[in-house]
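Peer 1: Sequence:
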Amino acid sequence: MINKSTTITQSPARSFSTESALASLGAIVIFCLVASAIFAPWIAPYGETASVGGAYEPWSYAHPLGTDNIGRDILSRLIYGARNTIGLAFVTTCLAFLLGSALGTAAAVLGGWIDLALGRLIDLLMAIPQLIFALLILTVVGSSAYSLILVIGVLESTRVFRLSRSLSVSIVNQEFVDVAKLRGESLSWIIFREVVPVAFPNLLAEFGLRFSFVILFISSLSFLGLGLQPPTADWGALVRENASLIAFGDVTPLLPAGAIALMTVAVNLVVDWYLGKIRRGSAL
Numbered sequence: 001m002i003n004k005s006t007t008i009t010q011s012p013a014r015s016f017s018t019e020s021a022l023a024s025l026g027a028i029v030i031f032c033l034v035a036s037a038i039f040a041p042w043i044a045p046y047g048e049t050a051s052v053g054g055a056y057e058p059w060s061y062a063h064p065l066g067t068d069n070i071g072r073d074i075l076s077r078l079i080y081g082a083r084n085t086i087g088l089a090f091v092t093t094c095l096a097f098l099l100g101s102a103l104g105t106a107a108a109v110l111g112g113w114i115d116l117a118l119g120r121l122i123d124l125l126m127a128i129p130q131l132i133f134a135l136l137i138l139t140v141v142g143s144s145a146y147s148l149i150l151v152i153g154v155l156e157s158t159r160v161f162r163l164s165r166s167l168s169v170s171i172v173n174q175e176f177v178d179v180a181k182l183r184g185e186s187l188s189w190i191i192f193r194e195v196v197p198v199a200f201p202n203l204l205a206e207f208g209l210r211f212s213f214v215i216l217f218i219s220s221l222s223f224l225g226l227g228l229q230p231p232t233a234d235w236g237a238l239v240r241e242n243a244s245l246i247a248f249g250d251v252t253p254l255l256p257a258g259a260i261a262l263m264t265v266a267v268n269l270v271v272d273w274y275l276g277k278i279r280r281g282s283a284l
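The numbering used here applies: residue 1 is where the sequence shown begins, and numbers increase by one.
Calculated directly from the structure, the hints in this document are not laboratory data.
Backbone N, C-alpha and C define an ideal beta-carbon position, used for all residues, glycine too.
It is possible that part of the hints are untrue.
Claimed, not checked - Computed Cβ-Cβ distance ranges for the label pairs, DEER-style:
1) 170 x 45: 51 to 57 Å
2) 170 x 251: 32 to 38 Å
3) 170 x 62: 57 to 63 Å
Modelling step: build the complete structure from the supplied sequences, incorporating the hints.
Peer 2: Spelled out as structure tokens, the structure:
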């Protein structure tokens with residue numbers, strides 16, 4: 001008897017179904033976290049900075065996740081931390097995309113010395129490790145919401161510039177762009193009617209990935225003490241403030257860390273599904 005080896009492969013339909021299920025789960029998690037951020041003043045049992053109990057009280061009915069070192073309710077600060085962390089990350093990512101996509105598209109369309117100058121500037125910024133550069137700048141100018149948005153937005157825009165320029169260069173060389181130029185269309189018309197619509201799906205997927213990286217970036221700076229300053233709550237600062245409880249077997253510091261991980265994983269699940277959809281669409 002001859003044994004025939006068989007190879008079991010996952011069908012595209014089953015793979016798509018799994019991706020869709022994971023993306024749906026990620027979307028639900030994102031919705032819940034964003035909803036808690038938006039409605040934080042109505043959901044949180046106490047105020048963001050109110051001292052409502054003794055220091056390091058254990059979990060109880062009055063304080064489901066206990067209190068911190070000055071008696072603030074940790075559940076309330078976790079909810080307000082979602083508002084501050086997600087809101088700051090979203091605004092920062094928007095700035096990074098407005099700056100990076102605008103400069104990247106302009107460099108690809110205009111070319112010449114403009115493309116060369118912008119490319120060298122981006123190379124210079126990317127040569128410096130992001131975290132070290134941010135620590136240096138924030139130490140000088142101080143940590144505030146505005147400085148965090150500006151510094152992180154500029155640093156993250158370098159990655160967006162690279163992607164936007166790469167996409168735009170390939171689009172500008174297409175025949176339909178040459179036809180638009182022969183018709184005498186303006187530069188702004190070519191950018192917003194020909195280049196941007198074609199590049200938008202990939203840029204949208206990159207937006208999700210950048211958003212995840214920005215959340216991790218902000219949380220890292222907050223953990224190091226250069227993010228949002230007390231008494232403002234954000235997830236990275238909550239990990240730092242309650243880190244000493246780990247020595248006593250308390251899992252409270254893991255809750256904001258888990259929220260950071262949950263948000264980034266959920267966003268990546270949705271982005272992976274969207275990228276798969278783009279690939280399948282381009283293959284048709």
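Peer 1: Give a verdict on every hint.
Peer 2: Hints versus structure:
1. 170 x 45: 51 to 57 Å: Once the Cβ atoms are compared, 53 Å apart, the range 51 to 57 Å for residue 45 and residue 170 holds.
2. 170 x 251: 32 to 38 Å: The hint (32 to 38 Å, Cβ to Cβ) is violated, given that residue 170 and residue 251 are roughly 49 Å apart.
3. 170 x 62: 57 to 63 Å: Hint holds: Cβ distance 59 Å, inside 57 to 63 Å.
In summary, the one numbered hint that this structure violates is 2.
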